[in-house]
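2 protein chains.
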Amino acid sequence: MANQKNEIPEIVISRLPIYLQKLNQVLKEGKTLISSQELAYHLGVTATQIRKDLSNFGGFGKQGLGYNVVKLLESLRDILNLNRIWKAALFGVGNLGQALLSYKGFSSKGFEIVAAFDNDPQLVGKEIKGITVQSVDDMEKGMCASEVKIAIITVPAGQAQALANRLVDCGFKAILNYAPVTLVLPEEVKVSNIDPVLVLQKMAYYLD
Amino acid sequence: MANQKNEIPEIVISRLPIYLQKLNQVLKEGKTLISSQELAYHLGVTATQIRKDLSNFGGFGKQGLGYNVVKLLESLRDILNLNRIWKAALFGVGNLGQALLSYKGFSSKGFEIVAAFDNDPQLVGKEIKGITVQSVDDMEKGMCASEVKIAIITVPAGQAQALANRLVDCGFKAILNYAPVTLVLPEEVKVSNIDPVLVLQKMAYYLD
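So the protein sequences, as listed, match chains A and C. Quick note: the first sequence uses my numbering, first residue 1482, plus one each step. Quick note: the second sequence uses my numbering, first residue 1482, plus one each step.
Hints were generated in silico from the structure; no laboratory data involved. Do not take every clue at face value.
Identical copies carry no separate label here, and so any pair may be met within one copy or between two of them.
[As the list claims (entries may be wrong)] Cross-link-like lysine to aspartate or glutamate pairs, in silico, DMTMM-like; alpha carbons within 25 Å at most:
(1) K1503 to E1668
(2) K1533 to E1491
(3) K1622 to D1689
(4) K1552 to E1669
(5) K1503 to E1628
(6) K1607 to D1619
(7) K1552 to D1650
(8) K1622 to E1555
A quick note: this is a predicted structure, and the numbers were derived from the prediction, not measured.
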């Protein structure tokens, strides 16, 4: 399965959640069929790209009829393993970490933060949004034998690599990294970075 | 200039800030020369890709000698228009918006949030991290004639498109969108989306 998964370019996989998001919105508006042209228009991509992306996973929809929105949504959820709740652990309960704990958008989309860790003694033991903050020192105790395989890192940049190494040793398989550093980790661990500065710097290129 | 800028693929531009980030880290560690191989290793990309990306902007470094870190940093900052401070306005001062106002990583990297807007009467007039929250209703008054061209949107999904339309009319040129919707805007306005759910959904594909 691992090999098969890696045959499809990651850039294709990264577009599927965007299709999913748009299709959910389309469904809420009461539409049950959508053409690749229409979907493409709303997403600022080409219809060819959408058809090509989806063709990696077999046939969806008939030429000229458009996609059945509900069926395509179900298929995309299947492909992305979203027909279950993925539990995640949060590391770093500062301003951003607390904002993520408060964020209501995770649970409806298949994710739930079930544990939170910090090394600030003033935070450890405190309950935030129903979750008791634990010491990072105790991470291995509760997490390594658990089913939690996703970590969200919002610790300061200087602490991120060492923490990530521990997370990998502990058995985490996916890391969403908000710390402004590039983590060097084994290939089999998926790492995605969210750094608003990098995005702003890219946009600055286009400003004059 | 606009045409010239658009000749280089956006995916190349989006990697330059990552090179910049890593080079800053390398410089802090006291290194003054770095090979494309070494830079590539730390970033999980190929040396060929780095050389190809940089070749879009002329020659850097001599074959076999590696890059002069300081010079490459300066060149990348020049290319990305980062030799100045870019002012930004924040829209939505909820948990995430407040975390962004508190974030110290912007100013050292060339960005400063100079205004914040919300439509919650309990927030309007309140000072947060030295910035007085203004009503979104008053946005046009203060912003349209100003030099602020970057907007950061952290309003709820349902409000984002209407707000973005107003921002475009007002003269904003770049939007960093945290609302979980795809905004449909004129091509000349740069939009980048940050949505942790989309990133987590992509990673879920690789989890079994």
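How the hints compare with the structure:
1. Taking the shortest Cα distances, K1503 and E1668 sit within 25 Å of each other only across copies (19 Å), while inside one copy they are farther apart (31 Å).
2. Proximity of K1533 and E1491 under a CA criterion of 25 Å is satisfied in both settings, with 14 Å inside one chain copy and 20 Å between copies.
3. Taking the shortest alpha-carbon separations for K1622 and D1689, only the inter-copy value of 23 Å comes in at or below 25 Å, while the best intra-copy value is 52 Å.
4. Taking CA atoms no more than 25 Å apart as the test, K1552 paired with E1669 passes in neither setting, with 31 Å inside one copy and 35 Å between copies.
5. Taking identical chains as interchangeable, the C-alpha atoms of K1503 and E1628 are never at most 25 Å apart, the minima being 30 Å within one chain and 33 Å between chains.
6. In the homo-oligomer, the alpha carbons of K1607 and D1619 lie at most 25 Å apart inside one protomer (15 Å), although the nearest pairing across protomers, at 39 Å, exceeds that limit.
7. For the identical chains of this complex, K1552 and D1650 are neighbours neither inside a copy (39 Å) nor across copies (38 Å), given an alpha-carbon limit of 25 Å.
8. In this homomeric assembly, K1622 and E1555 never come within 25 Å of each other (Cα to Cα): the closest approach is 37 Å inside a single copy and 46 Å across copies.
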